[in-house]
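Engineer: Sequence:
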Amino acid sequence: MYRFTIKFMYTSKNNLLTRGQAICLVLDMVPTVENRRNGNDILDNSVFNVTYTEEQGPQHPFAMGKSTIEKSLFTHKTYLRAPPNSPTLYPSNTVASGNINDFSSKSNNNHSDSSDSSADDSIVYNLQNLFGYAFYTTTDIYNNINKQLPRLPKFMKASKFGKLIKDKDFGERIAKRAEGKTIKGRMLYKLKDNAIGNLMESISAFRTEINSNDSNWMNVGYVRKSSGIESVATRQRLLEAMIMKLGNRCLCRYVFASTSSTSSSPILERDFLADNNTNGNNNIKATSLAHCDGDTQAMIDFIGHSIKKIRLCVISYAGLSNNSDDVAIFLKYEKCFS
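Residue numbers (UniProt numbering): 1 to 338.
Don't read these hints as lab results, they were simulated from the structure.
Any given hint could be a false lead.
[What the hints assert, rightly or not] Quick list of in silico lysine-lysine cross-link-like pairs, BS3-like style, CA-CA up to 30 Å:
#	residue 1	residue 2
1	Lys163	Lys176
2	Lys154	Lys245
3	Lys160	Lys192
Can you build the whole structure from these sequences, using the hints too?
Structural biologist: Shown next as structure tokens:
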């Protein structure tokens, strides 16, 4: 999944959770102030923490060992504790003050009791430095996204884009008077340019880290797709998107794919019985995928004959296997891993 460097957030349906709220979801507790405090205490004194993945999003927390999370920070995200006092966002001069005052009072009423009293005072939500709150028409939103995606007009005009965001989930449209005319738009938070720069620096740091070793290392990617009812064209498109992600983000020189296998199937046995290197019921050959160097058996053979150490890159834990014992067998079999 690609991450856009520009972000619009509808305020009344914020998907962010505090650590205390996420803990309550995992422990099946009502997220009261006391329960969030107790939940934080429980996990602070255990080997587990709450985490989530980009694929599932922060609304789907689960528990995992703290040491495991620390080893896979780019895959497993952590929740921030709420500050002792809920943040107050002050509007810029570019928006109508009446609308913002109404919004601020509603927001404060809805979230006045949402802070975790066990929060660390050093953690501060300085949202003013990250987001600007303003009125945006559909054209404004389209133009801002176009700055980050210059090729957008080739695939989608502003009118079609407007139809995509017409649902209230993106923010209900309101009317506003400007220069004697009535215009419609949405009150949204937009990620500021300097924050975008910080995100780009983070991506750059990741690439530097993943490419920082000497020439004895090689980045090899692996993607997997479970069998399903999708058409061949859809399955091929999804697989090629994953392959491109590993190539662009993880700088993989080679990427291999299992086009129809379960996450629990033994890695060493995947695609072994495939007729003419054809995987699954949808009749897709791994070698027919763009920028793909073969199936699982081709990867095993490639790694087995490699004179370099291999850094295996996958999109998610289940992208390789959800069976840790089988992963251990695979790593033991392939001596090139470190």
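Engineer: Starting from the hint list further up, note which numbers the structure goes against and sort them upward.
Structural biologist: none
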